[in-house]
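Build the full structure now, drawing on both the sequences and the hints.
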Amino acid sequence: MIKAVIFDMDGVVVDTEPLSHRANKKFYESLNIDVTDDVYSTFIGNSDKNIIQKIKDIYSIDTDSDVLVEQGLTYYCDAFDADETLELMPGVKNLIMDLHANGMVILLASSSSKIKIERVFNRFGLNPYFSYKISGQDFEFSKPHPAIFLEAVAKSGFTADECIVIEDSTNGIKAAKAAGVYCIGYKNDEHSLQDTSLADTVITDFSQLSYEKIRDIK
Numbered sequence: 001m002i003k004a005v006i007f008d009m010d011g012v013v014v015d016t017e018p019l020s021h022r023a024n025k026k027f028y029e030s031l032n033i034d035v036t037d038d039v040y041s042t043f044i045g046n047s048d049k050n051i052i053q054k055i056k057d058i059y060s061i062d063t064d065s066d067v068l069v070e071q072g073l074t075y076y077c078d079a080f081d082a083d084e085t086l087e088l089m090p091g092v093k094n095l096i097m098d099l100h101a102n103g104m105v106i107l108l109a110s111s112s113s114k115i116k117i118e119r120v121f122n123r124f125g126l127n128p129y130f131s132y133k134i135s136g137q138d139f140e141f142s143k144p145h146p147a148i149f150l151e152a153v154a155k156s157g158f159t160a161d162e163c164i165v166i167e168d169s170t171n172g173i174k175a176a177k178a179a180g181v182y183c184i185g186y187k188n189d190e191h192s193l194q195d196t197s198l199a200d201t202v203i204t205d206f207s208q209l210s211y212e213k214i215r216d217i218k
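In the numbering used here, the protein residues as written are 1 to 218.
Hints in this document: simulated from the structure, not taken from any laboratory.
Any given hint could turn out to be false.
[As the list claims (entries may be wrong)] Cβ pair distances, simulated, as ranges:
1) N127 with I58: 35 to 41 Å
2) D62 with K26: 29 to 35 Å
3) N32 with F158: 45 to 51 Å
4) F158 with G91: 33 to 39 Å
5) D64 with G157: 35 to 41 Å
6) Y132 with P18: 23 to 29 Å
7) D62 with E87: 36 to 42 Å
For clarity, every value in this text was computed on a predicted model and none was experimentally measured.
All residues carry an ideal CB built from backbone N, CA and C; glycine is no exception.
Shown next as structure tokens:
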């Protein structure tokens, strides 16, 4: 019986990927680097500091990592605050409310920085439903390393077998499986470069899930 649900955030709870792409494109232009879509797709699911380290390695940038992280966050926050069209993924809040109303423990395990998480949760009123919000900025290694999901399982108070993860990225799904947690892959875009084939099951719409369906996953 499943007792806890661990959500990724970007691309699962909220459709921040287009916003992030726009903000990051401006950031990369300020650094005079050309990050191709193929390279960019490998960043999805990584923490900001790990993405910055990859950029420094690939493009031989000497600027201090902490400085670059802060610069990138500034571009993101400016774009977030200016974007009035940003929405939660269709049906996800109904699912979250259904899970919460039935006593399911709900956690967030996102590679995003805490400032990004708080902006999303405050804008969309998500704080009352989540027991814990875990940010990738607190971990040395990003997804596909399982550290963030192992921490989420520990905070849930249950075993890995009593938890599930909902993820949309290749790196996130790999991390969930490495942590020994059942993973539901969310594929909301048929043209996505993310590979959900390693997930235990794949959905394309949150209406395919409910408290009862998740509870009885074995």
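Checklist entry - Going through the earlier hints one by one, which of them does the structure break, listed in rising order? => result 2 and 4
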